[in-house]
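Trainee: What follows is each chain in one-letter form.
There are 2 protein chains.
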Amino acid sequence: MKLALIGFGTVGQGLAEILRDKGAELEAQSGFRGDIVAVATQRRGTLYHPDGLDIDDLLTAIGKGHLDHYPDVLGLTRGWDALTLIKQSNADVMVESTHTNLETAQPALDYCYAALDSGKHIVMANKGPIALAYADLKERARRAGKLIRFEATVMAGTPSIRLAMGALRGCKISAAKGILNGTTNYILTQMENGMSYADALGQAQALGYAEADPTADVGGWDAAGKAIILSNALFDKPLKLRDMDVFGITHITAADVEAAKNTGEKWKLIVTVTPEGASVLPTRIPLSNPLAAVSGGTNAITYSTDLLGDVTLVGAGAGRSQTGFGLLSDLLEIGE
Amino acid sequence: MKLALIGFGTVGQGLAEILRDKGAELEAQSGFRGDIVAVATQRRGTLYHPDGLDIDDLLTAIGKGHLDHYPDVLGLTRGWDALTLIKQSNADVMVESTHTNLETAQPALDYCYAALDSGKHIVMANKGPIALAYADLKERARRAGKLIRFEATVMAGTPSIRLAMGALRGCKISAAKGILNGTTNYILTQMENGMSYADALGQAQALGYAEADPTADVGGWDAAGKAIILSNALFDKPLKLRDMDVFGITHITAADVEAAKNTGEKWKLIVTVTPEGASVLPTRIPLSNPLAAVSGGTNAITYSTDLLGDVTLVGAGAGRSQTGFGLLSDLLEIGE
Chain A
310 MKLALIGFGT
320 VGQGLAEILR
330 DKGAELEAQS
340 GFRGDIVAVA
350 TQRRGTLYHP
360 DGLDIDDLLT
370 AIGKGHLDHY
380 PDVLGLTRGW
390 DALTLIKQSN
400 ADVMVESTHT
410 NLETAQPALD
420 YCYAALDSGK
430 HIVMANKGPI
440 ALAYADLKER
450 ARRAGKLIRF
460 EATVMAGTPS
470 IRLAMGALRG
480 CKISAAKGIL
490 NGTTNYILTQ
500 MENGMSYADA
510 LGQAQALGYA
520 EADPTADVGG
530 WDAAGKAIIL
540 SNALFDKPLK
550 LRDMDVFGIT
560 HITAADVEAA
570 KNTGEKWKLI
580 VTVTPEGASV
590 LPTRIPLSNP
600 LAAVSGGTNA
610 ITYSTDLLGD
620 VTLVGAGAGR
630 SQTGFGLLSD
640 LLEIGE
Chain V
310 MKLALIGFGT
320 VGQGLAEILR
330 DKGAELEAQS
340 GFRGDIVAVA
350 TQRRGTLYHP
360 DGLDIDDLLT
370 AIGKGHLDHY
380 PDVLGLTRGW
390 DALTLIKQSN
400 ADVMVESTHT
410 NLETAQPALD
420 YCYAALDSGK
430 HIVMANKGPI
440 ALAYADLKER
450 ARRAGKLIRF
460 EATVMAGTPS
470 IRLAMGALRG
480 CKISAAKGIL
490 NGTTNYILTQ
500 MENGMSYADA
510 LGQAQALGYA
520 EADPTADVGG
530 WDAAGKAIIL
540 SNALFDKPLK
550 LRDMDVFGIT
560 HITAADVEAA
570 KNTGEKWKLI
580 VTVTPEGASV
590 LPTRIPLSNP
600 LAAVSGGTNA
610 ITYSTDLLGD
620 VTLVGAGAGR
630 SQTGFGLLSD
640 LLEIGE
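Note that the protein sequences, when read in sequence, are chains A and V.
Residues 310 to 645 in my numbering are what the first sequence spells out, letter by letter.
Residues 310 to 645 in my numbering are what the second sequence spells out, letter by letter.
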């Protein structure tokens, strides 16, 4: 399976490392072999080689700051833009991990159209296209006879999507409730430990959980994007951000946290998705709820089902190898 | 897909109800159609009809205490023993849900051999054959070109096996730790609420969690059987009960539970499975461990992996529709 990696930041590099370190094992176990033939970054160059790029050389080059540091080899093409790479490369799958834009989904959405038009499957870590254009993409993919997978968009590689769409097949899911943003859960956990909101946010930023501009996390927008993806995936229902109640955690005070503690509860930023709609709301939940035990940067989701009752999955919601594995698990499924 | 149900107690009836209630939906969604052609009970008769049995009539008959109450229809055969049913019926799959025997796995093991010899896939809720003879059955199935699936043996239909073998494919699992017996977890939870061991056990029996003879549950043997299944499935390592440390909860006192509470911990009966071996041990775990939040009859399992870190699944560990769904999910996989 030949791969075009569009976006080569932490997530793309995470996938490359896994393919390097586990390539032989994956080939022996599942007959899966993933060769990176194209890599596109926004400002650090692009590369294409129809016979495949060397992963160690790729990682060394990007580690030095630019793909120009990749060695010259016969047949290598440098400097094509991302759209040209997608259209002209011999890749079987586009792996998209550029930055999420929840207002326009661009430029990733155009990359998706180009991938399907040129006969490529799509594997996404970017939330934008799935959140904003899932129905359209699904229909285009169906017509093209190609697959779109997006496990890494919700809870990184922890198989939240695969659980709902695969292992729970035959159950009717009536609701999903989850903690889908690690930064805010980390901050709330530290506030329970007595830290102020500002200090906890600073620590989350120092640890790399939170961006320099933390609005997307603490304002609930990252979680809202995941809610829209779940609404599309579980209920075939497209939602717009403006249709949802989205509240972040910026107004939660130390006194609020303390008050919850005194009644045996915890504040969590809870995403709720049902066939009727979705919301992101800071919520006091009792300790008996499995979500109450989810602390720090960990994520979790509870699916309410007809035959099994509640099924909860707890695991990482971010991280280099974690999100890289999310992409890999989609590739393995496509390769079956 | 024609099914022979060997065993028609709670679990088999649970599957039959799901097939009745969801048959049309499953056929529309997945093209799956499951027809029950044979049913065997130990003391309540057996039935076979090559064109399929009527599920409502089956449930009515067994509700009256014996399959003799099933109406006479042309082509119906009554009274074949289970082995004859398996060998002579036109079923594609044997669904085995007779009583677990962890010492001999019989008579279920002979049923498995007969099923494979006569060209049938196997779906199991019975823990015995998988715990005692997995490697042998897997090899016989491979030679026969048939599949063996056993989701329902661990955590009922909560997809603990499917998560490990399917969704986490590509990750290396180094350990599984879980709460895999609902009766003991219910008793320990009630003891935390101030109830005595004896009262909690009585309540578990009254609620149908615990058998009249609770030894298999409170002695840790039911959990040990599941540990052996996980050892086989995850690590291809057959274990014997005598190779494992198995301790139940009968020696846990109210004072023990109180002492744990005072240090912010909880007693849980923890199954641990690694490539080196397995154990069932009452263990004090901190509240920060997701397993600590698993209360009442609920089960949970944590897989430790290389790429994702810990992934925890929480859900039902028993129940009519829950275990029935476990069987159904295996049938859906076989039907793919």
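Hints listed in this document are in silico derivations from the structure and should not be mistaken for laboratory results.
There could be a bad hint or two in this list.
Just so you know, same-sequence chains aren't split out, so a pair can sit in one copy or run between any two.
What the hints assert, rightly or not - With a cut-off of at most 27 Å between alpha-carbon atoms, the simulated BS3-like pairs for lysine-lysine come out as follows:
(1) 570 / 331
(2) 546 / 311
(3) 331 / 481
(4) 481 / 311
(5) 331 / 546
(6) 455 / 546
(7) 481 / 373
(8) 546 / 373
(9) 546 / 447
(10) 455 / 373
(11) 570 / 447
(12) 481 / 570
Trainee: Please go over all the hints and tell whether each is borne out by the structure.
Mentor: We went through each hint and held it up to the structure:
When the C-alpha separation of residue 570 and residue 331 is checked against a cutoff of 27 Å, the pair qualifies neither within a copy, at 45 Å, nor between copies, at 43 Å. Proximity of residue 546 and residue 311 under a CA criterion of 27 Å is satisfied in neither setting, with 32 Å inside one chain copy and 35 Å between copies. Proximity of residue 331 and residue 481 under a CA criterion of 27 Å is satisfied inter-copy only: 10 Å between copies versus 36 Å inside one chain copy. Taking the closest pair of Cα atoms, residue 481 and residue 311 come within 27 Å of each other only across two copies (24 Å); inside a single copy the shortest separation is 36 Å, beyond that limit.
Taking the shortest alpha-carbon separations for residue 331 and residue 546, only the inter-copy value of 23 Å comes in at or below 27 Å, while the best intra-copy value is 37 Å. Taking the shortest Cα distances, residue 455 and residue 546 sit within 27 Å of each other inside one copy (21 Å), while across copies they are farther apart (39 Å). For a Cα distance limit of 27 Å, the shortest separation of residue 481 from residue 373 qualifies neither inside one copy, at 50 Å, nor across copies, at 31 Å. Within a single copy, residue 546 and residue 373 get their C-alpha atoms no closer than 44 Å, and across copies no closer than 45 Å, so neither meets the 27 Å cut-off.
Only within a single protomer do residue 546 and residue 447 lie at most 27 Å apart by alpha-carbon distance; the minimum there is 13 Å, versus 42 Å between protomers. With identical chains, the CA atoms of residue 455 and residue 373 are never at most 27 Å apart, being 36 Å at best within one copy and 52 Å at best between copies. In this assembly of identical chains, residue 570 and residue 447 lie within 27 Å of each other by CA distance neither inside one copy nor across copies; the values are 45 Å within and 51 Å between. For a Cα distance limit of 27 Å, the shortest separation of residue 481 from residue 570 qualifies neither inside one copy, at 35 Å, nor across copies, at 38 Å.
Of the numbered hints stated above, those contradicted by the structure are hints 1, 2, 7, 8, 10, 11 and 12, listed in ascending order.
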